[in-house]
Amino acid sequence: MTPLINETFIQITYLVATALFILALKWLSAPSTARRGVWAGELGMVLAIGGTLFYQGIVDYKWIVIALVLGSIIGVPLGLVHMTAVPQRTALSHACGALCVALVGTAEYYLRAPNVPPFVMAVLSMEVILGSLTFTGSLMATGKLQEILPQRPITYKGQNMVNLSLLAVAVIAAVILVLHPGQKHLFPLLIGIPLVFGVLMIVPIGGADMPTVISLLNSYAGLSAAAMGFVLDSKLLIIAGALDGSSGFILSVIMSKAMNRSFTNVLFGAFGQVQASAVAGEEARTVRSATAEEAASILAAANSVVIVPGYGMAVAQAQHKVRELYDALSKRGVDVKFGIHPVAGRMPGHMNVLLAEADIPYDKLMDMDAINPEFPQTDVALVIGANDVTNPAARTDQGSPIYGMPILDVDKARTVMVIKRSMSPGFAGIDNPLYYLDKTLMLFGDAKSFVGDIVRELAGSGHA
Amino acid sequence: MLPEEENVTSNLITSLYVFMLAGFLGFQVIRRVSPLLHTPLMSLTNALDAIAVVGAIVLVGEHKSTFATVLGTVAVVAAMSNVVGGFLITDRMLRMFKTSKPKKP
Chain U
471 MTPLINETFI QITYLVATAL FILALKWLSA PSTARRGVWA GELGMVLAIG
521 GTLFYQGIVD YKWIVIALVL GSIIGVPLGL VHMTAVPQRT ALSHACGALC
571 VALVGTAEYY LRAPNVPPFV MAVLSMEVIL GSLTFTGSLM ATGKLQEILP
621 QRPITYKGQN MVNLSLLAVA VIAAVILVLH PGQKHLFPLL IGIPLVFGVL
671 MIVPIGGADM PTVISLLNSY AGLSAAAMGF VLDSKLLIIA GALDGSSGFI
721 LSVIMSKAMN RSFTNVLFGA FGQVQASAVA GEEARTVRSA TAEEAASILA
771 AANSVVIVPG YGMAVAQAQH KVRELYDALS KRGVDVKFGI HPVAGRMPGH
821 MNVLLAEADI PYDKLMDMDA INPEFPQTDV ALVIGANDVT NPAARTDQGS
871 PIYGMPILDV DKARTVMVIK RSMSPGFAGI DNPLYYLDKT LMLFGDAKSF
921 VGDIVRELAG SGHA
Chain F
4 MLPEEENVTS NLITSLYVFM LAGFLGFQVI RRVSPLLHTP LMSLTNALDA
54 IAVVGAIVLV GEHKSTFATV LGTVAVVAAM SNVVGGFLIT DRMLRMFKTS
104 KPKKP
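For the protein sequence lines, the chains are U and F, in the order given.
Each number in the working numbering corresponds to the 1-based position in the first sequence with 470 added.
Each number in the working numbering corresponds to the 1-based position in the second sequence with 3 added.
The reader is advised that the hints may include incorrect statements.
[Stated by the list, open to error] For lysine-lysine, the following DSS-like pairs were computed, each having C-alpha atoms within a straight-line distance of at most 25 Å:
hint : chain 1 : residue 1 : chain 2 : residue 2
1    : F       : K104      : U       : K801
2    : U       : K496      : U       : K801
3    : F       : K101      : U       : K705
4    : F       : K104      : U       : K834
5    : F       : K67       : U       : K918
6    : F       : K101      : U       : K834
7    : U       : K654      : F       : K104
8    : F       : K67       : U       : K807
It should be emphasised that the hints constitute simulated quantities derived from the structure, not laboratory data.
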């Protein structure tokens, strides 16, 4: 092949791959076509990698083959993790993607310097800065999610000032490099400072904020890849990066809204500070509790039940028991649905995956906007391991730290049942008035065993 | 401006247009993804993002310096683990999503 035909051939494989990537995301919009989307993505990837291997500038294939094989071998176990571990796996994959981008950017700089046009130097700086901070930031997020690192946020005075001044130094170094691309001694600053910044950025962030963090890191990873596309003049990479970047961006916005945080809050990564815990006046308020037997009889008499799962359910590994409950009630003709808050899991959509894994049909999984109008017609709302996302104070109490946060309106159901270990307040330390309502029954116990007890009562095996 | 510089500039402008259009397209397509599938969405976009591997492959293959080849090799390994792991887990997740309604014949 002549070089021209060769180049055209490669570009055509890239063009087709781009179209397949866009179709992949389009097909992902609904569960019925989603798997087709994965296949389209895979085909696009094979075409693009295959086409690249024909590039005539390649003089040696040895290390390419070794790296491709090694990467694939590492990728397989990462694709087979347990569903509860998907958030940390995702964070780790952001780290891998960002590492690739930062390394390629670094190599490109040292190969080309000092002949780097200003615009290329600018995007190259952005590529390396974003790639490096996403790399360490994502590793930190992985550590927190895997609970290797403490999940508790660590904050100190002037934290934002320290972080932002660090980043400013990196940006100034980048500006100097744009003007004088030959200043090779400045380039390590574009790697080192963001690496430190990535760690410092995640240090003040608590476990409950992870859905927002992961989405934001996803967006950064995408943007850094798009910047790499500018450096290498690869439209394929620009488009894939832009798609990934906008996806992460949209998810960050959805998550920040669901967590009651402003958008600037998200952009500047200042979302770590857990709101000062509101200490509620300790007046002796009465709660009504119930046994599994009583709960079972109320559920059996209901026409419609909405189950509201929170991460506590997943921690207790109760999803399979919940599925048995769903089966038992459905068999009795009870209409059972699930109301899922956007931040119910550790990453966007995580709770849906956990319930789908337990074989609960996805058409029963309703998002917040779809389920909220149904609560007034619901006989029983059963809350399992969720707290703040059901707290009516978010709607009514202007003094509450979570005021304004969108919640699931479980308090509008005719009867509310809450499975909870004890009366201790949830993660944010905010008391939940839901528990003191006359229509609320507290079911004290471990989510898994309590749901199991209800299922046994429903089956009638517990007593004659 | 030298003709070469002019070429670089016009290329960059074209790239900016491509970036902008892809960003808008991304917003439109991804807004339609059901919240049900937000986790698979993230793992799939991650796998697609690992297309950066093609840049790394070229870097390794051109073998312009040992430094570049070493960095490129690590980059290919990192990106390739995302490609394989990302597609694998996305497909595993999507296989679990089943409906209670009977399938249309």
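Checked hints:
{"no.": "1", "hint": "F:K104 to U:K801", "result": "holds (15 Å)"}
{"no.": "2", "hint": "U:K496 to U:K801", "result": "violated (36 Å)"}
{"no.": "3", "hint": "F:K101 to U:K705", "result": "violated (37 Å)"}
{"no.": "4", "hint": "F:K104 to U:K834", "result": "holds (10 Å)"}
{"no.": "5", "hint": "F:K67 to U:K918", "result": "violated (59 Å)"}
{"no.": "6", "hint": "F:K101 to U:K834", "result": "holds (10 Å)"}
{"no.": "7", "hint": "U:K654 to F:K104", "result": "violated (63 Å)"}
{"no.": "8", "hint": "F:K67 to U:K807", "result": "violated (60 Å)"}
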